[in-house]
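Throw the hints in and build the complete structure from the sequences for me.
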Amino acid sequence: MSDALEINHSVVFVQRTGYVDFVQTLRLQGFEMCADLTAVDYLDIKDRSLPDEIEPQRFEVVVNLVSLSQKKRLRVRVQVPEDDPWIDSIFREYPGSEAMEREVFDLFGIVFRGHPDLTRILLPEGWEGHPLRKDYAPGRVPVQFKEVKSTR
Amino acid sequence: MTKGQSDLGDNQSGLDFFVKETSEGSQELLSKQLTPIEEFYLEEGYVLRVPEGDGVDLDDIDLEAIPEDETMIINMGPQHPSTHGVLRIMMELDGETILRSKPVIGYLHTGMEKTAEMLTYMQGSTNVTRMDYLSPLSNELVYSLAVESLMDVEIPPRATWIRMLMSELNRISSHVMWMATNGMDIGSTSMMIYGFRERELILAFLEKVTGLRMNHNYIRPGGVAADLPDGWYDDVAVICETIPFRVAEYQDLLTGQPIFRERVDGVGVMTQEQALALSATGPILRATGLPWDLRKTMPYLFYDQVDFDVIVGSVGDTYDRYSVRLNEILESVRIIEQIMEKLPEGEYKTLDRKVTPPPRARIDESMEALIHHFKLHTEGYRVPAGESYVAVESPRGELGCYIVSDGENRPYRMHVRAPSFVNLQSLPVMLHGGFIADAVAVISSVDPVMGEVDR
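Read top to bottom, the protein sequences are chains A and B. Letter by letter, the first sequence follows residues 1 to 152 of this note's numbering. Letter by letter, the second sequence follows residues 1001 to 1455 of this note's numbering.
Treat the hints as calculated values from the structure; they're not laboratory data. Since this is a predicted model, take the numbers as computed values, not measurements. It is possible that some hints are incorrect.
[To be verified] Chain A regions said to be covered by chain B (calculated; three or more residues, Cβ under 8 Å):
(1) 34-45
(2) 70-79
(3) 118-128
Quick reminder that beta carbons are idealized off the backbone N, C-alpha and C, glycines included.
Written as structure tokens, this is what we have:
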């Protein structure tokens, strides 16, 4: 089953510094669309299988690119360290990644450098914390309510 | 499919006249076609932003001091009835023309991706089914496929065919529902009544099969929850007979009607290049003329064994998106008719008792069945460590599910690539330069389901 479903998928690991250049090359090679961009917080998984040259970090940004002409998918996985969580935005290559990068920023706190409007998208402005991080457990943090200032 | 007149490229001939090279480079804005694509999107509104809490006291405004050519920023929604839920759109208006706009979402955010990390794989499908509440079976399908792609479990052919049958029926009900709300937005109240009538026909059948009208939790990892009930063939035959007849009614009511055509022809045009750059999928992308349908181009289930056409538009305006959806209803009927003939006998879920519970009657007879039942419903099954992305074609576009497993009984991370969420990004491009009166028609043509947008 696994082979059948994943037949058109392949996974590529890339360093954070060469990420945008790599995506640029892929775009020129016919990956016309950025289908999905998300992140995973690997705080609780210590030993996961990665290629030797890739050093595991806490966060991983996962980008799903689609080539419509070649009918294949490619998953680009980039490691982002915990103490300095930034990655370059691919808005210039794929404008469609705009909302997805904002979502990852909102829920994981990963900063996308060069993004035109990096603000919270799902949570209210001024929310504290990033809920999809593994150390942000529901129940441990009280629900935040914001006082609404009356305009009258 | 008729061609609406697109306003792109009209300035092409006069371009040499407008663009003058000065010592500081060209001073005039380039035409739409010559603007680099990334500049174009920046210009069309990604950075339109008014911070929350900056309320303006109307008494403080000095109306005399406002220059006449100043643009106005207004909010549409989040309670506007035509926004299909709690969608708010900030629009910058120059008179009646929309310049920049920005969808503001998050009013329905309930943290479903976080919730998925708390639920076992078996409970997970009850969670995903609530995302896109108009096509819940697509959500269950993509979740189940993603879980199964990590496990070594064989799905019986009958289960796969039932999954196809149910998701195609769901596609019809979703598109019919869209026809209804779209008719309502544009002012055709009869269309709304008709659309809901047809949807009810299908929901009654889904209720008969799954027990619920919506949020079925029917497609589960390992197969489906129950076999099709007695008499399903006749019920589906009635649906297949009724729907084309009703679609012909819609054609009379809307497609040929000049008032409706005035509202949709040439409104909210989006080119193929723009749709690709903005990651738009589904009817929006196909309306621009690109035959990209995952059922055809990257077949899953048994879609490679049925015969159907991918419907495409030509100009990518609101009419094309309407037309693509309308004709997709008929293609779904074609698929369902083939499934009815091909549906084999056999099991409706895998017999691997580590994944699906045994039948209720077996529990009274067999100790092992009791143990399996107890283990599955308390602890659930474990999925081997790994990560996988699976995408299916939901009525709204590419619906993807990315699952990371750490070998435990619940997903370490589950992400849903929601088509409505991504498609909403095309709104600023579609609305740009149009009238505010057309905004309702354009928003409706994107078909956003806010439960899926905000998750």
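Comparing the hints with the structure gives:
no.	hint	in the structure
1	34-45	holds (count 8)
2	70-79	holds (count 3)
3	118-128	holds (count 8)
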